[in-house]
Each structure stands twice: as structure tokens, then as C-alpha cells.
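Protein chains: 2
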Amino acid sequence: MLFKRFPSLLRNQSFGRRIVCTVFETTPERCLTSGPLPGEPNKPSVLTEIPGPTSTRLLKELSDVQQTGSVQLFADYAKSIGNYLVDVDGNTLLDVYMQISSMPLGYNHPAMLGALADPANQIILANRPALGVFPGKDWPNKLRDVLLKKGVAPAGLTQITTMMCGSCSNENAFKNIFLWYAAKKRHGAPFTKEEMESCMINQSPGSPRYSIMSFKGAFHGRTLGSLSTTHSKYIHKIDVPAFDWPIASFPEYKYPLEQNTRENQQEDQRCLAEVEDLIAKYDTQKKIPVAGIIIEPIQSEGGDNHASPEFFQQLQRIAKKHGIALLIDEVQTGGGPTGKMWCHEHFNLDSPPEVVTFSKKMQIGGYYHLPELKPKQAYQVFNTWMGDPGKLLLLEVVLDVIKRDNLLENASRVGDYTLKQLISMENEFSNQISATRGRGTFIAFSCSSAKLRDEIVKKLHSKGIQAGGCGSVSIRLRPALTFTEYHTDIFLDALRSILKG
Amino acid sequence: MLFKRFPSLLRNQSFGRRIVCTVFETTPERCLTSGPLPGEPNKPSVLTEIPGPTSTRLLKELSDVQQTGSVQLFADYAKSIGNYLVDVDGNTLLDVYMQISSMPLGYNHPAMLGALADPANQIILANRPALGVFPGKDWPNKLRDVLLKKGVAPAGLTQITTMMCGSCSNENAFKNIFLWYAAKKRHGAPFTKEEMESCMINQSPGSPRYSIMSFKGAFHGRTLGSLSTTHSKYIHKIDVPAFDWPIASFPEYKYPLEQNTRENQQEDQRCLAEVEDLIAKYDTQKKIPVAGIIIEPIQSEGGDNHASPEFFQQLQRIAKKHGIALLIDEVQTGGGPTGKMWCHEHFNLDSPPEVVTFSKKMQIGGYYHLPELKPKQAYQVFNTWMGDPGKLLLLEVVLDVIKRDNLLENASRVGDYTLKQLISMENEFSNQISATRGRGTFIAFSCSSAKLRDEIVKKLHSKGIQAGGCGSVSIRLRPALTFTEYHTDIFLDALRSILKG
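So the protein lines, in turn, are chains B and P.
Quick note: the first sequence uses this note's numbering, first residue 1144, plus one each step.
Quick note: the second sequence uses this note's numbering, first residue 1144, plus one each step.
To be clear, the hints were calculated from the coordinates, so they are not data collected in a lab.
Any given hint could turn out to be false.
Just so you know, same-sequence chains aren't split out, so a pair can sit in one copy or run between any two.
No more than 25 Å apart at the CA atoms, straight line, and that leaves these computed lysine-lysine pairs for BS3-like [to be verified]: (1) Lys-1601 with Lys-1186; (2) Lys-1601 with Lys-1519; (3) Lys-1328 with Lys-1517; (4) Lys-1280 with Lys-1186; (5) Lys-1336 with Lys-1563; (6) Lys-1643 with Lys-1601; (7) Lys-1203 with Lys-1293; (8) Lys-1397 with Lys-1203; (9) Lys-1376 with Lys-1602; (10) Lys-1463 with Lys-1429; (11) Lys-1280 with Lys-1602; (12) Lys-1336 with Lys-1376; (13) Lys-1517 with Lys-1203; (14) Lys-1327 with Lys-1376.
All values derive from a computational prediction rather than experimental measurement.
Sequences are here, hints too, so could you generate the full structure?
So, in C-alpha cells, the structure goes:
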């Protein structure tokens, strides 16, 4: 069965095993069953407390040279394989968090290792160009055949700007939106002398008082522009200056959704009315007009907060009505985990959003946009590297594997199964967990308190599951696209035994 | 002679040639002379106009999907070698610009290709971790043995934060400075409820009105925080909102320096007085106190503007007096081109600056800082990737080659030679070029007009030299660290014939 689902894994398994699978004994026969992927162990195994003694020693070393309060453990990436993270103390953890959702195919995927073993790709990695000035001969082809390929690029978004990470993708998308907005206001007139001079000293009219609207609970990055649109946790923001930009309420739904339809619809309307009010207030009162609205299709870091397709449709209509660009931030949702390449494809929008940003599972950062947002002049959206061909070559392999192994379909199917099982568990343990929600394997559930959430995450560790929290009381699943029902069952067994205990 | 200077190049040449040197005929004998490096051609060769027909066709393709006004040509990186960039039309250009100063060892350096051919390194590239949560087992060692090694880290700066690029290094360094500054003001008190709540909606006191002082002509990046400290060209800034932060004058020296000592000293004092005035004005009048001062040791993008060691010493004393952090931005100057690992080592500062940022030639971005700037809490300076071990492994090789081949000494010696020759040429053509200045091979000269500058850069292309401008009238040299007198002579011959013509 897995043989059919993951032909490439099977095809390449001998290659993958040669390099990395030294710790696990696996036979080709077992790979044909609905079980672990080739090279993976049968199940997690925990030998020490986590962090174990070796992690603890390394943490002490690292703490001498940097702030390490966020470090959970030290990993042995050469021994990690597929859905399993192996740490330096020999613990083998089923990883449902996957490096904050950034590894699409799990550890040491043979196709990625194969690409990196290719000398032609090594030349690309050794010669990182300034892409905005001296792109390599294959660059236009690569953009077309990888990022802009049908089924990869969001429908209708024909323009691409490559970047390095999620924050800089959003920052540059903001700039792109400001340029577009200013050009509209200028009606084709050239820059004035006053604009050219005042921008050099950060003053208007050259540095205009425009804003990007964001939502409470949002996470869009941590550089000063993107941080001004991030509102998930105070520790990300405190003591750092921010722009005075408008922040609207994001819907807070009551679960289960099917029992709260009317209230949740009202919640949509409340939030959309706030959007309208803020647009007016920042335009007429504050004189900081809204040029763009940034929103996650699912607020991730902020607690896996979902909003209805109707909410997004109406939000887009409001933006259009006011001549404001809609930026959908798919840094965490993009690249397949929701069962579609882009989460916003679930929303049946009237037309493509103006901008879609990406990073994480896409390996390379950047943004897609509508042709009318293409900057009119060179060097306005620019930096030394403008992305990295060494990351695009990895993305190419990832997309090939997603297609060949039907990993979008896999994410849908496994996600449906996981969601169903979790909801049934929620009914069983309704005093502890609730509000199971998700699309594809992009799933979360809430715990009855922050304390319980933290305890569950810790106990999951002791049972060999690497999970992650989000928001204040939620646990989020962010497995690789190669996660199957087999892995779901291991996770659920561990969770059930914790909830029972 | 070169054999002694570049033992590793010679040692590895057969490896390097096997992969890439298909277009050039070279013999081991010739590599022993003071001539081209192994695998390099004797001299540039230009077959077409630049951009040639193939570049022009590719440019048209790329323009369909993005703004391409900054693209000069399309390169064939597999054929490029050492100091020579080969384009898609078969033109072989001596590259004195090196991807906006970002390639330390030139094209297809055998040591870099060797590192990428190592399967252990391929595993690192295939498993990019979230370094802030799950660092690999070698990470503490790698930081210590590569970035923090004696002779690599600026003396006294024992703390390291890795990032991805120059802009995000500066942005995160700003945040780090704001946290340090706020903690000092707080005198150990915990965050207040008001601070925790107000920062979530971008309002003070949680989002404080603190500023970073920068200098006219500076370039520190293009994301919204770093762009607020960039003031080199209006096209980078116009139509993009900026923070109201103070901007002081950077010294504008008269050249030749030895004939204008007194005036230039007065210029230093004028600028330093402005720094003091702005600190006072932003503190008492504007109520946006200065938490940090960011400065390049040589303003690069802004025109290769130099300031004296005394200026930097006094600037540091002013910063210390006011409890303000000094951030030296070594994104373009760091990694060896000035003949020292860090350009600010030329300044004999009283004590280490609080922060030094880097990227470009260092392959990985990030910043060094003093222990007292270490954030007190986790997740304040954080992002998904926090750098990239796949770039650190390249830096490790680069630093090994710099040491083994004495490339800092090489940059000093070749730079001195180049500077001397250029000054002599400046005397010969004083109506066209002037103000030759530099440290190591980090050299620039001014042209009598912007028009002449652009013409010279274009004519250099036609003579097989890839050069770059900076400021409004300057041409900058940013060669690889492997650039020798042999290459200087080729550049100077081309320049002389243009100035004569």
C-alpha cells in the first residue's frame, strides 16, 4: 500500500539507506506494508529524560555564546530519518512539529540527498549570485518550471519575487504594496523634488504615512516592519518600536463549528465591520491610510485560529472596494500541509489576492503577485542576493516528490483521518481537550489550560513524540507531508495514554 | 610565486579543473608564475556587446515574471572560474565587483566545491533545522571553531547570533539593542501589565519610541527598520514609510587627504557635534531617545566614504557617554577585503563596539555582540531558522583558505599596489578621475561627473572588466580575496586606455 503511495521513496530507498540509515534495521518487505516509511523505525523510543545528559551538556556550551532559552534538545541529523528526529542522547522521536513546520519531506529524504550529490547542483551552491544583477543562465527557466509551474503558483499570480525567509518576504511584499499604492495616488506623475529629498531623511511626503492592516493574534515575522503586523505574544514585541498601524479583530469561533453557525457568522460580521471602521479611521482621522491588509489563512503561531471562506471572501471585497491590496501570508500554510498547495485555495475567492508570501516548506522565501504590482523602477525591491538558487534546487525536488507521491492527496486523507480520531478523543476527554480544528494535517486542538497544554507537550516528549504548542492553550500538528495514518496512530496512542493518566 | 601565495589552489587544482574548467586551456607550469590563478584565462575576452544576444533574450523572458531593470547580464556559473565571470554569450570578464562584494574566493573555488562534494555536508544541507529550538549536535562546536575562533571574531565580542542576510542581521541587532536599552531603563523591574498589553497593539509604553541614529549616505539594508537607517539613494526609500529616527552628517573629506588634514579634522568635529546635538534633540524635544548608533566603517553603497580612526574613536566615546550602543555594520567591509578581518580593526577603538553585523563574504548573516547585550529572555530575538548551517559550512572553508593562503596579507599587498597605481593614474588624468581612496582592495575613485562614471563602467565592460559604481560619481573595486597584482594590471590597462580615449 505504501509502495503505491510513495513510489519514489521505495525506488530510492537503497540510496537513502546507504547514507543515513545506520541505526535502524529495516527490510524491503516491511516497506511494502502500511507501516513506517523506508528506513524509519517502527515506533519512537525514549532512552533518557528530554533533554538528556548530552543535550544538557551541549546546551551549557551554547549558552556561553548566545541566549538559548528556546532550545529543547540537540539533534543528530545524520541519524534522523523520515518522520523521526533522533537526538544526541539516542532518543528517537516521532516529529509532528518538523522544525516549526519547515521540513516538507522529513529528515534525509533520498530525493533531497540525491539532488545535493549532483555535482551540477554543487556548482550552484558554490556560486551564489546577486540574482538581481547577474542571474545564472537557468534562472528564468527555473522560475518558470518550479515556482511558476501550473499547480504550484497560485492561479492568476504570474509574477514572482524571490527572497530568503518569511520575515523578509513579508517586508518586501509590504514595500511592493506601498509602491503600488503610491503610484496609484500619483496618477502617472513623476516623483517630485520634495518627495525625493524628504525620503532621504525619513520624512513625508517622500516617506509617506501609509499603513498595513493586520489582525489580533497574527504572526507575520519579527523584523521591524513585519513585527508591526505581528500580535500573537507580547514577548515577541515588548521593548521594540513599532509603526502605528491598524489592527482588526480576527474571528474567534465557538467549537464545534456545526453547533455554532449563527454565532460564528455574527463573529465574522463583527470583525469585518471593524476592518471597515479601521480603514476609515486611519484614512480620515489618523491620516495613515491603509495600503494593504495582511492575513494568514489560518493564524498559526497565534493558536491555529481559523476563519470561514465567507470571511475571506468578504474581506477581499472590502479591500477591493477601498483600493487596498490583500496579502495572504502562506509562510506556514503554504506548500501542501492543508491538502492544497496554498491554503487560500480552500476559500473560493472572487479573484486572486494581490500578493501571496511563502517560505518554510518552500525552502526559499518570496512572494507571488499580480502583474499590476510589478514595481515600475529597478532597485526599489532589491537586495544583494534576492533569494538563493541553492534553495530553489531543493524546492524543485520537493515539488517533484509532492507530485509523484501524491502528497497533497496524502495530506488530505491523513488529515481527515487524524481530525476524525481527535474529535472522537475530544468527546472522550472533553474536560481536557476541545476545539479540534484543521485542514489537511494542519491540525490543532485546545487544552483546558495553558498549564495542561505544557504538561501534555512535555509528556508527549517522554512518550517519544516531538510536538509543539501555539497560542496560549493549543497543541499544533505540523508533520511532514509524508506523515501517514500509521504515524497518526502512534501519536494518538501516546496522547490517549496521557489524557487517561 | 603564486604557488607560495596560494598553496591550496595549486593543491586542489586538478579537482577544480575536473568539474569546471572546460573552456580554458591552462597548464600547471603557467600556474607557477605570477599570472592567472589555476584554471583562469590569461585575460578577459569579449565576443559580443554586453549584454549579448543570449543575455538579451533571457532578459526578455525574465521580464515577463519580474522587474528586471537592474539585471546587467546572465552568467554561466559552471564556466566562470576564479576572478573571471563568464556570461551566456561567451564573454569572459575580469570581475572586480564579485556579486556586490559577496564572493570571497571567486568562482568555483575548489575548496568550496570540495566541501559541497562531502556527503556529510550534504546531510547538513538536506536537514535545515530550526536552530533556536533543535540545533544539531555540532552546532556549539561549529560556532566556536568557525565564527568565534580567535582571529575571526572581533576581539572582545564573545556572543554570536546567526541570521540569513545583511538586512535581517541589522534588524535583529536593532532589536537586541532596544531590549538592552529598555532593560537598563527598567533597572531590573519586571514588565508591567501596561507594557505587555500596549505592545500587542503597537502602542507605547510596550512599543517604546526609541530610535537608532544613522548617517547621511549610509546603507544598512532595505527592510523597514534597516531602511529607516539607509540614506544612500532616494530610489531605495521613496514611497516607503520610515521611522522618524535621527540622521547625522557623515564626514565628507577633501582629497588628497595629506593635503587637507586640517579641513578634514574640522569636518570630523562638525559631524560629531551634530551627533551630540541630535542625541539631545531626540531625547528632550522629540522624546524618541537614541538607543543605538549604526555606522559603516566605510560607507560603501553611498560612495565609499571614509572617516578617520579619530572620528570613530570619538564617536564611540560619545555613545558610551550617553549609554548608547555602537553598532558597526561590517556587512560589506567584513571578511577580509580591507586587509583585516574587520575594517573597524583599523581604528584602534578604546574598547570593542557593542555590536558588529556581517553577511556577504561571510556567507551566513548575523552579529557579534558584547555579553551584556545578551537578551534576558528567550524568543525575543528569534525566528524559524536563525541562520543556516549550510552557509556556515561554506564559511568554514572560506576561513580555512583565507588563513592557509594568507589572503588578508594578500588583500593588503594587492590593495597597496592598486591604490598606488590608481593615484598615479589620477595624477595623469586629473580632469577625469580623483579622490582615490581605500583600505586593502576595498578601493574606489571618483569621476568628474555621473555621466563619465557611467560611461567608464560601460566601456570597462566592453574591455572585459565587470566593475560596479557606488554613490553618484564613484567606481568601486570589490574583487575576491584571491585578486592579485596580475589582475590589477589588467584592470588598470583597461582603465588607462579608456581615460586616454
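Status of the hints after comparison with the structure:
Within a single copy, Lys-1601 and Lys-1186 get their C-alpha atoms as close as 18 Å, which meets the 25 Å cut-off; across copies the closest is 64 Å, which misses it. Only between protomers do Lys-1601 and Lys-1519 lie at most 25 Å apart by alpha-carbon distance; the minimum there is 24 Å, versus 52 Å within a single protomer. Taking the shortest alpha-carbon separations for Lys-1328 and Lys-1517, only the intra-copy value of 16 Å comes in at or below 25 Å, while the best inter-copy value is 44 Å. Only between protomers do Lys-1280 and Lys-1186 lie at most 25 Å apart by alpha-carbon distance; the minimum there is 23 Å, versus 46 Å within a single protomer.
Taking CA atoms no more than 25 Å apart as the test, Lys-1336 paired with Lys-1563 passes in neither setting, with 62 Å inside one copy and 40 Å between copies. For the homomeric pair Lys-1643 and Lys-1601, the shortest alpha-carbon distance inside one copy (15 Å) is at most 25 Å, but the shortest distance between copies (75 Å) is not. For the homomeric pair Lys-1203 and Lys-1293, the shortest alpha-carbon distance between copies (21 Å) is at most 25 Å, but the shortest distance inside one copy (48 Å) is not. In this assembly of identical chains, the alpha carbons of Lys-1397 and Lys-1203 never lie at most 25 Å apart, being 44 Å within a copy and 52 Å across copies at closest.
For a Cα distance limit of 25 Å, the shortest separation of Lys-1376 from Lys-1602 inside one copy, 24 Å, qualifies, whereas the shortest one across copies, 55 Å, does not. In this homomeric assembly, Lys-1463 and Lys-1429 come within 25 Å of each other (Cα to Cα) only inside a single copy, at 21 Å, whereas the closest approach across copies is 38 Å. Proximity of Lys-1280 and Lys-1602 under a CA criterion of 25 Å is satisfied inter-copy only: 23 Å between copies versus 52 Å inside one chain copy. Proximity of Lys-1336 to Lys-1376 under the C-alpha cut-off of 25 Å is restricted to the inter-copy arrangement: shortest distance 13 Å between copies versus 42 Å within a copy.
In the homo-oligomer, the alpha carbons of Lys-1517 and Lys-1203 lie at most 25 Å apart only across protomers (15 Å), although the nearest pairing inside one protomer, at 49 Å, exceeds that limit. In the homo-oligomer, the alpha carbons of Lys-1327 and Lys-1376 lie at most 25 Å apart only across protomers (22 Å), although the nearest pairing inside one protomer, at 35 Å, exceeds that limit.
Checked against the numbered hints given earlier, the structure breaks hints 5 and 8 and satisfies all the rest.
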